[in-house]
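A.B. asks: Listed here are the chains, written in short residue letters.
There are 2 protein chains.
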Amino acid sequence: MADLALSGWLDAQRDRITASLFDWLRIPSVSADPDHAGDVRASAEFCAGLLRDAGLEHVQLLETPGHPAVYGDWLHAGPDAPTVLVYGHHDVQPVDPLDEWTSPPWTPVIVDGECRARGAIDDKGQVLYQIEAARGLLETTGTLPVNLKLLIEGEEEHGSVYFEDLLHQHLDLLAADVVVVSDTGMLAEDVPSATVSMRGVLGFELKVRTASIDLHSGSWGGTVPNAARLIGELAAALHDEHHRVTIPGFYDRVAPLSPEEQASLDAQPWDEDAYRAQAGGVPYLEGEEGYRPIERTGVRPTAEIVGISGGYTGPGIKTIVPATAGMKIALRLVPDQQPDEIETGVRRWVDETVPEGVEVSLEIGGGVAPARTPIDHPAVGALRDAIAAVWGAPPLWTREGGSGPEEALGRVIDAPVLFLGVGLPGDRIHAPNERMVLTQFWRGLLAAAELHLRLAKTGAAGAGA
Amino acid sequence: MADLALSGWLDAQRDRITASLFDWLRIPSVSADPDHAGDVRASAEFCAGLLRDAGLEHVQLLETPGHPAVYGDWLHAGPDAPTVLVYGHHDVQPVDPLDEWTSPPWTPVIVDGECRARGAIDDKGQVLYQIEAARGLLETTGTLPVNLKLLIEGEEEHGSVYFEDLLHQHLDLLAADVVVVSDTGMLAEDVPSATVSMRGVLGFELKVRTASIDLHSGSWGGTVPNAARLIGELAAALHDEHHRVTIPGFYDRVAPLSPEEQASLDAQPWDEDAYRAQAGGVPYLEGEEGYRPIERTGVRPTAEIVGISGGYTGPGIKTIVPATAGMKIALRLVPDQQPDEIETGVRRWVDETVPEGVEVSLEIGGGVAPARTPIDHPAVGALRDAIAAVWGAPPLWTREGGSGPEEALGRVIDAPVLFLGVGLPGDRIHAPNERMVLTQFWRGLLAAAELHLRLAKTGAAGAGA
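As you go down the protein sequences, you meet chains A and B in turn.
Residues 1 to 465 in this note's numbering are what the first sequence lists, from first letter to last.
Residues 1 to 465 in this note's numbering are what the second sequence lists, from first letter to last.
Accuracy of the hints is not assured; some may be wrong.
If several chains are the same, the list does not tell them apart, and a pair holds so long as it fits within one copy or across any two.
[As the list claims (entries may be wrong)] In the EDC-like style, the derived pairs of lysine to aspartate or glutamate whose C-alpha atoms are separated by at most 20 Å in a straight line are:
1) Lys207 / Glu233
2) Lys207 / Asp252
3) Lys457 / Glu233
4) Lys207 / Asp99
Calculated from the structure, these hints are not laboratory results.
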């Protein structure tokens, strides 16, 4: 059962909190676009203001060679209370294709109980309920049950390039007994769940050049290699007829699920029609043979072509045999795949698959190892109880298909990483018409407070206060 | 042996003619780009001035819903002399990628005996030697041996969309006994040749949509269809393992070569290393099994992917499963393939190859039937003798891999179509650093005059004067 005092406080604060959310969402903090650098900074300043208003201390921007992160803390719970580091991010994805938004992305609206705007759920909404949970506890009880630190990154949607450096640089400031990541989702409003693993990611871009210039398709078509066709063949060759990724050694290190995780996975409700509808109405599902869709997106590694291009793509037609083409691929990795070993496999795949003599450029980057939180850790029990108190049922343990800087957080801070996240499968993150379901937002706020209360009782302490 | 009087005239005129060529090449008459509409018109006006200066009459712009063509004639050879319609075009291809030009495309230069600029060989140079051949004959003899008409199109590089309408609209003005197309090439400077057939063309663009929105590759990757991968698979599926086009019925109507054409083809010199170097240094050749490269580019039909695109193609990476992708394809057709039958085959191919439920958009357009000139026609004999007189050896008969409005010319004007063209395989048409070899240009001028002198003796007359 959720804390009654906090519930009462919340009822009186909803309008103010919603107004704060709207003001923040109006700032187009697109970290991938240099033209929005000023907006990302404005978003950081706005976030710092929210932290100060909530009663947090040492509020400051942590500068990086890219966009700034925001830090704030409250460290008066005493040396016996654990120190909790809450992580989220204030930057957002680009908004193209703009014409597919039913309302402007930087003008938040509430429709059918959803807040629609870029960044609503990913991740400003999920950061805001953490800040407001702390404010609510401070305003209703005058204290917090834990020593609390918040670190709100500004480059999560741009690959978190400088994030690990930032952690190392401020290691003392950020030291904690447990990390709480507030950037994930649940299976459904009535099926609470929490992530205990996130897939890693490795991106690569392959460019091929089959001639020094584009050639006239009438004069040369039929004899010379066509880079656009080659990139198509390479895209097709990335999976075999069983839809398994053909990168050498790709599956060698994939660890089997523990019985408890398998049981949690088997207990998850799943309906194909609903799932396809949530995906925006896909005509069919596909994927690795021998695995169910729920396994393919969480516990199995994948390779997705995120972009392909070659030759003439303007209006009409240009009668050429294209000389150059390329594709960008995002690999999702699961425990215990290692980015460096997979990178070696990618290089071998390119060597073995691209015809001899074709000029190749291969850029590999953004490697993030998969992350896993041990289910038997007491902090995981605190999370289970907090979610059960708010949603009325304990969470199923899931694996998140996405990837983030959580692996670095767990490794550098050297603490277990909990995932409290209220996103839903239909939230259209990274896509037009991103939304946040408001009932999930208010529950997230209560659960964040419940989690602090329960983590205070786990006895893990000593790292940061 | 070329006409001596004309050779003397030419020696005195080279600087003036070169200056005219440079002035014309400085006009960026890119017909595919609406921003250059004024330049295409300026090019037409410039061309009209050249015709007037040469002594031609009835010089006028023939307007179309697109860019204007240019017309001029000289019809005083008498009713017993044949009427010759010379065809060329004054519009040019776009110049991208601009950074691959070693000198600016609109600033003609002469380097190593080559004129380098966009349009040098395709087709302003080949139009200019026709105009100057007429001027030379008029200035040295006071007359022309044939009734001459010139039709210089302004939309050849943009699909000649309104060209057939233009022919029908001005049928009386354009009536002729023989058509001379001045827009093709030869095998080599020392291997004169002339085209007797041009491949037809049919373009199509296929777009696929596998979901209503791009989806997050972490959350959905591995289960939902990926449009970028699908377009790659479709690109790869366009040819089978023998590199034959998989469009149903594609080869059904391909006519076998006549013995004379086969003999001419077999006599053509061909060296793989030189050919690959001319193609700008391709690492290997490929194509339909069972045919030599020289056959694949001229006598066999082909399918080339001229462009492919899908998903995110900007800088860096965006972690999506793309919902949309597309490809553009240019089919080259040979006698006796029919564009309407091939179009039916393309529609069947799409139906059979794209997975059910995927949203498809298919645009098919620009159909041009393949063209063929009967080798035993007396006008072809005149062309053979004219080329032999200038190059010192009779031409080999070739088939041009490219396609143009020549099929409509022959059909609507109802006259045999001759191809006098001096382009070379290394001329980089439609590509950066387009060039024209100047010795070929001067020879073309003489050959154009020789052809008029010989056509006058074929006895075909009555259509146009």
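A.B. asks: Would you mind marking each hint as holding or not holding in the structure?
C.D. replies: Hints, verified against the model:
1. Lys207 / Glu233: So Lys207 and Glu233 pass the 20 Å test inside a copy (13 Å) and across (18 Å) alike.
2. Lys207 / Asp252: neither (27 Å within a copy, 37 Å between copies)
3. Lys457 / Glu233: neither (57 Å within a copy, 56 Å between copies)
4. Lys207 / Asp99: Result: close only across copies, 18 Å inter versus 30 Å intra.
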